Amino acid sequence: MSYAIVGFGAIGQALARAFARKNIPVTVAARRGPEAIAPQAKAIGPTVTASSLEDALKAQTVILAIPFSEIAGLASMTNWDGRTVVDPTNAIHFPDFTPADLGGKFSSSIVQETLSGARVVKAFNTIPAAILAQSPEEDGGRRVVFLSGDDPGARKAVSALIDDLGFAPMDLGSLQDGALQQCFHPLWAKNLILKG
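Under my numbering, the final residue of the sequence shown carries the number 204; numbering is consecutive throughout.
A couple of the hints might just be wrong.
Restricting the straight-line Cα-Cα distance to at most 20 Å, the calculated cross-link-like pairs of lysine to any residue (SDA-like) are [to be verified]: (1) Lys30 - Gln68; (2) Lys30 - Ala176; (3) Lys198 - Gly125.
These are calculated hints, taken from the structure and not from any lab test. Nothing here was measured: the structure is a model prediction, and the numbers come from that model.
Please model the entire structure based on the sequences and the hints provided.
Rendered as structure tokens:
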């Protein structure tokens, strides 16, 4: 399985660190180009490789660590059919930190519509970047990562990845069932530890 993180801000770097901790190879890309992010990628670990955006989008699993508003710009950049897309975005307006008006839809449903054919799994959006960057192990337990998606196979694969990264996956079911993990909903911005 090949993995890529698109976006190399706070969330992208936190996720890259999670991959590096477990020696899982991952490609990272950003609009600035591979040359601009290569030193940071190398500093995180030898399994983190900077690449062009076009090459990153060829990965079997693509993690979108970019602002929600930028996802539409990726729609025509690759064939999304059958590709697993992990969506950690939150539809929030900055700097006032207010929810975007999505006409009653969940952001992940819009991502599913925008990236036609992709198997979208919402994950990693409930943990603040500063906490996500830390070890997933705390107080004898593992940090919980909620996930939801309409494709059971994609959910299973992303759940396995979450586990491989050292977190405790909690599968909520379909994107509709995963409403609780959407921004400003009950499971959002929580640092929960699963023990036992």
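Hints not upheld, ascending by number: 3
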